[in-house]
Every structure is written in structure tokens, then in C-alpha cells.
Amino acid sequence: MTSSAKRTIRKAALNGTGLLVFALAVFPVFWMASTAFKPNNEIFSSTPKPLPSHPTLDHFDLVLNGGIAEVSFWQYFANSAILAVVTVVASSLLALMAAVAVARFRFRFRTTFLIMLLIVQMVPCEALVIPLFLDLKRLDLLNSLPGLVVVYVGFAAPFAIWMLRGFVAAVPKELEEAAAIDGAGPLRTFFRVLLPLVAPGLVATSIFSFITAWNEFIFAFTFLDDQDKYTLPIMLQFFFGRSGNAWGPIMAASTLLTIPVIAFFLLVQRRMVSGLTAGAVKG
Amino acid sequence: MLDTAPAVRRAPGRTPSGRARQRRRPRFGPYLLIAPTVVVIAVLMFWPMIQIGIMSFQKVGNRQLRGEPAESVGTENFRTIFDDPFFWQTLRHTVLFAVVAVTLTLVVGTLVGLLLNKLGRRMSSFVAGGVMVAWATPPVTAAIIFTWLFGTTGGLVNWTLDLLPDVLVGGGWDDYNWFATPLSAYTVLTVCVVWQACPFVAVSVLAGLKSVPGELYEAARVDGSGPWRTFWQITYPILKPIFLVLIVMSIIWDFKVFTQLFVMAGMANRDSFNLSLYAYSEAFGSLNPKLGMGSAIALVLTLILLIVTAVYVRVMVRQGETR
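Taken in order, these protein sequences are the chains called A and B. According to our numbering, the first sequence holds residues 1 to 283 in order. According to our numbering, the second sequence holds residues 284 to 606 in order.
If you are wondering where the hints come from, they were derived from the structure by calculation, not from laboratory data. Incorrect hints may appear among the rest.
[As the list claims (entries may be wrong)] Facing chain A, a subset of chain B residues (Cβ under 7 Å, in silico):
#, residue
1, Pro313
2, Val423
3, Ala551
A quick note: this is a predicted structure, and the numbers were derived from the prediction, not measured. We put the beta carbon where it would ideally sit given N, CA and C, even for glycine.
With the hints as extra help, turn the sequences into a complete structure.
As C-alpha cells, then:
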């Protein structure tokens, strides 16, 4: 065999493996969406097909308009969206301030602060849920979205800072120094020079915080009592527990919960990795 | 990202640029900037951690929830836990699951990462995009999808296993209930968690591989090194710091896995509890909540994770991450 033929076969084998990995990775999500569009007789067919032969929107209609447990789907959607947006705004603000501090200044306790950020990222929320439940109860903030959002900000901020400080550090200091020489005050320098340059990083961290809040389960499940306050994941779990084998509507609801996250995620994935393993990869 | 010369990273503050930075520093600026975060973390994480420590020596139940002061019970909670075979069973589940899931995640993730590195540019980002979908899926959704895939009626996995020749996989898969025994339930959980976790490993490994200078591989090839040797002699040493971080993070994530197991097995299925589910069910699972007991179990979990975290922090500090 010639070496070029060998190379062609090698390449084909690699690409084939690549496609296989792709298929395995997306299959569960694909199966979710496919089930959501299948009529019931196809869902429970003895010869399941990958794609629906007679696609139907019935399951989506049931989820969106039938109301799950007397509450409109859009109520859950709104709860999740409000929580996510407030978490994003608050944690981005905290992150921006702290990231500027650690990336631009040397100060006492700076290393302590950074180590603290590392440690709290590892704290299990499964443990903290117990004391936080009691604290919120004492403050009369149980079963309320404001109580929940405070907790989300606390859990989203450390990683957001960790991620954003790389972006701040990547902006050449000389730009700010030049602005200062031109007579711009610190605030003006910040808004005119640093902020526009850090904006892409801020978008990436925001989406991360968004996903944290959007996907969060254990706190929302524990703290929220009233159905009209449930977030989408809680609604999904509740619906799943109640309707047993109604896989069509369950998968339709899952699809509606998942699509926004996947879309956002694909936008920022590369930045997220560099944020998590930052220094380990900077050769 | 930020690329500082090694010398600077090893001796911060002692280099000219470090000193220049110090000279310009305003007195309160950085402290004001980090103050809100410090307050948030202190109130939402450090204080609750201390509370867990306190509560694990107390009886906190319905009466305390109505506002009565908590009673101190000394080490009774811990004695109850450590004497209970059920606690050791949940601990065993937790550890075994973490060992299997972490190993699989790292092996599969690394292989996918190596593959992504070998693929052409467009193919590589196509496959990476697909792999990301698994990572992005919310845990609740992932758990529900896998319950459906491994379901008894209409589940695709049982259907496929039933189609395969009985010689290979045995028969009677048609109505096999994956969630009936802890072992099979944890098998499903492992597949689900590994599916979601290995993309992160793959992409990190890919990022690390991209930083390996091509000349090294060139030189290895000239010297007649095979792929196996090349991996252990060149790729592995360069990726080692990344692997350390990935291993520690995976251990921590898999040790406290909650949502997926909660959705799949639920609170009723005590046989397949792990530590975090056990702590949660003691604290909130019944009409007679035992928050003190829950705290004691949560404290055990947290202490184990803190040990792992200490390793993580050490690795990160050594790699100059906190500079």
C-alpha cells in the first residue's frame, strides 16, 4: 500500500471515530427532542424509530397551554428567568469589582482572598442547604425568590471572579496608564478603557452565572413551597414524579428547559474551560 | 491568557514591575472592591459552615423549627451515625461511585481530547460542539433522559439489549428494572454522570495538547518513538498539571453528586443513597426532620471534600494560579 493511501485510510478512520463520538454525545439529547415530537403510539412502539414518523406538537401544547399542575408553564419560565437575570447582574458586578482588585493591585490578603475563592468553589451545596434553610427561615425569606437569588449570587460569584480576573489581567496596563496620563480619572479610565475591553469576558462569565442559576436544583427544591414560585427544574422534577410514564410531555418540558442552556453554552464554552483550568494550560 | 515570564511568576512583588505596582497602590481601593464579595462569601458560606459544625452536636427538629432553642446532645449524633451500618453503606456507595466515575470520566475524556487534537480543524470543532451538548444539559434533564433511556416500558436500552443475541448479554431484558438494585441504579448514574463530565476533561486536555510545541513530537518521531511511548514521554508530562486539577475537580464533583441520583432513585429508595442524599433525607426527608443528624452527616462529607480541596489548593498555588 502506498503511504498516501495509508494516510487516507487513517484519516477516514479518525473522522469516522469523530462522528461516532459526536453521535454518542448528542444522542441522549436527540432522543429527548425526538420523543417530545412523537405521538404516544410511537413512543411506546415495540420497534422504536429514531425520528417521529408522524411528528406532533401535542406534548408541547399540553406543557405550554395545558398548565402543569394548575400553574402556567410561563410562570415557571418567568421565575427561572428572573432568578437567572438577577443572579447574572449581581454576580457580574461583584466579579468585576473583585477581578479588578486582584488583577490590578497587589495588596495584603490578596493571596488569601484567591485561596478563599478556590476553597468556596468546592464547598458542597448539599451540606450548606441545611443551615441556609434555617437562616432563611429565621429571616422569613424561605419560599421566596429574593431569598433564593441571594444564595445563587453567593454560589455564582466565586467562579465568576476566578474567570474574569484572567480577562482583566489580559488587558495591557499601558492602556490605562496612557489614559491616566491624558488626565482621565480612575472611574473614567475604568468605563472608557477597561470595561469595553473586558466586555467579552463579562459576557462569558454572565452566561456561566446564568446557567448556574437556570440549572440549580437543590436550593430551589428545598426552599420553595408554593407551586407558583417553582423554577423550571423543580417543575420538571415535580411533573416527572407525578406523571410517571407520560414520557411525551416530560420530554417536551425537558426540551424547553434545555434548549436555552445549550444555545448559551455553545457560545461560551471555550472561555469557560480556560477559566476553569486557567494557568494549567497557559504553557 | 496572561503570560508572565517564569521568573516573574516565581517571585512576585520582588521584580521591578511588582514594585512599581505596589508604589501606585491606593490604600483602600482593592479592599473596597473585594469587600462585597467577602461579605457575601462570609454570610453565605463560612457562617453556614460554622453552623453545620455547631448543629452536628445538637438536636434540631420540629420544635427548634418552631423557634425553641436547640438542645446540645454532645457527640450523640456522630455515635448514632458511626454505629449505623446504613451510614457505612452510603459511604461505600459514595466512594465506590466516585472511584469508578472519576476513572471512567478521565479515561474517556482524555481519549476524546486526544481524538479532537488529531482531527482536522473543522471536524474537531464539529465534534467538540457535539460533546459540549452533553456538558450543557441541565442535571435534572440529564437524569430524566437517562431514566427514560433505561426505562422498563419503551426504554431504548432494554429494547436494544433484547435485540442482541442472548449468548452475549443474556435474555429477559425486556422488563429489566434498572432502578431496583443499587448496583444497576449506580450503573445508570455512572453512565449519566460520565456522559456529562467527560466533555470538560476532553476540552481541557485538548487545550493542553494545543500548548505542546509540535517540534517535540517531530523530534520523537525522528528518534523512532511509537505512539504509546510518545504519549507517556511527551504528552503526559506536559498534561500532568492539567490532569491533577481535573482529577481533584472530578473527585469533588462526583463525591457530592446529588441531583441526578435524587431524580433517578428518589428519596423513597434508601438502598441506593449516597452520603449527600442520606444527609438531605435525614434533614428534610420526613415529617420529623432531624437537621442535627443531617448536619453531622454533611460535616463528614464536607471534611472529606476539604481534604481533597486542600490538595487542589496546593496544586493551584504551586502552579502559580494565585499569583
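Out of the numbered hints, which ones does the structure contradict?
3
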